[in-house]
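Starting from the structure of chain W, add chain X where the hints point.
The listed protein sequences derive, respectively, from chains W and X. For the first sequence, position 58 (counting from the first letter as 1) is numbered 1026 according to this note's numbering, and the numbering increases by one without interruption. For the second sequence, position 72 (counting from the first letter as 1) is numbered 1040 according to this note's numbering, and the numbering increases by one without interruption.
Derived by calculation from the structure, the hints in this document are not laboratory data.
Per the computed footprint, the stretches of chain X lying under chain W, defined by three or more beta-carbons under 8 angstroms from a beta-carbon of chain W, are:
1) 979–990
2) 1083–1095
Here are the simulated lysine-lysine pairs, DSSO-like style, with alpha carbons at most 30 angstroms apart:
3) Lys989/W x Lys989/X
4) Lys1094/W x Lys1076/W
5) Lys989/W x Lys1092/X
6) Lys1094/W x Lys989/X
7) Lys1094/X x Lys1092/W
Glycine included, every Cβ here is placed at the ideal spot set by N, Cα and C.
2 protein chains.
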Amino acid sequence: MSKKKERAYMVDFVLRHLWHKTSRMYNQKANDYGVSISVGFIMLNIDKEGTPSTQLGPKMGMEPTSLSRTLKTMEEKGWIRREVDKNDKRKVLIFLTEEGVEKRRIAKDVVLSFNDRIIDSIPKGKLNTFFEVAERIDMALDRELSNF
Amino acid sequence: MSKKKERAYMVDFVLRHLWHKTSRMYNQKANDYGVSISVGFIMLNIDKEGTPSTQLGPKMGMEPTSLSRTLKTMEEKGWIRREVDKNDKRKVLIFLTEEGVEKRRIAKDVVLSFNDRIIDSIPKGKLNTFFEVAERIDMALDRELSNF
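If we strip away everything but chain W, and leave its shape as in the complex, we get (with noise of 0.2 angstroms):
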């Protein structure tokens, strides 16, 4: 126990604590475009060939139901469109509308720009162990995970 003890940090608080500043982060930019970080969020998922809607929950990690009441917020919006896809008539495929696609750039662009200040903040050498060790937690996970 005393070995616990010494410990000064817990992997698990670091990575919720980050985390949640980050999308706490994100959610104060979105609202300065007028727009929450869950359409921030569904937007940067949308491909120009048009997303399957089915696709999107797995992928963010989002409810169903608080994905298809976001979802039609934004169509009401006029960000985005849904299509009956040609090559399969049981789906239903989300394309950006021109208004989408700005909408999008700019969550891009503020997605972008704070990954760049990060990476510029910090040493690159320091940068590629924090990936490295990343790595290693993702790994971990997967081995607990599979305990089950």
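Chain X alone, transformed into the frame defined by chain W:
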């Protein structure tokens, strides 16, 4: 733009991915013990001396309605009890029952042993760099948030 395209990783994506996977893992472990991840987190945040219910929400980033619903369930199961603060009659303190203390011990074991397995699987120097970079990301986030 070419510099941006070289980026192999996005900091925000890695944080989001790792935290979502961590919470999925904790959720599975919590289910094994017949609780939800929220119940586990709440238990870990209740002190022996009693914790004001108003302090729990902000500490855990939980919505007030979902917090009070979870607290109600925990009370019904006999894991917590509420008591008016002797020093300030307007305050309600939350205490763990004997059964709650036992559940808390399990939650703590799950969290500590997961963190230990992670820490043991990563060279100490790299882990220190990881935490150092995490602190720099935290500072960068503070700068972004203070721009509003």
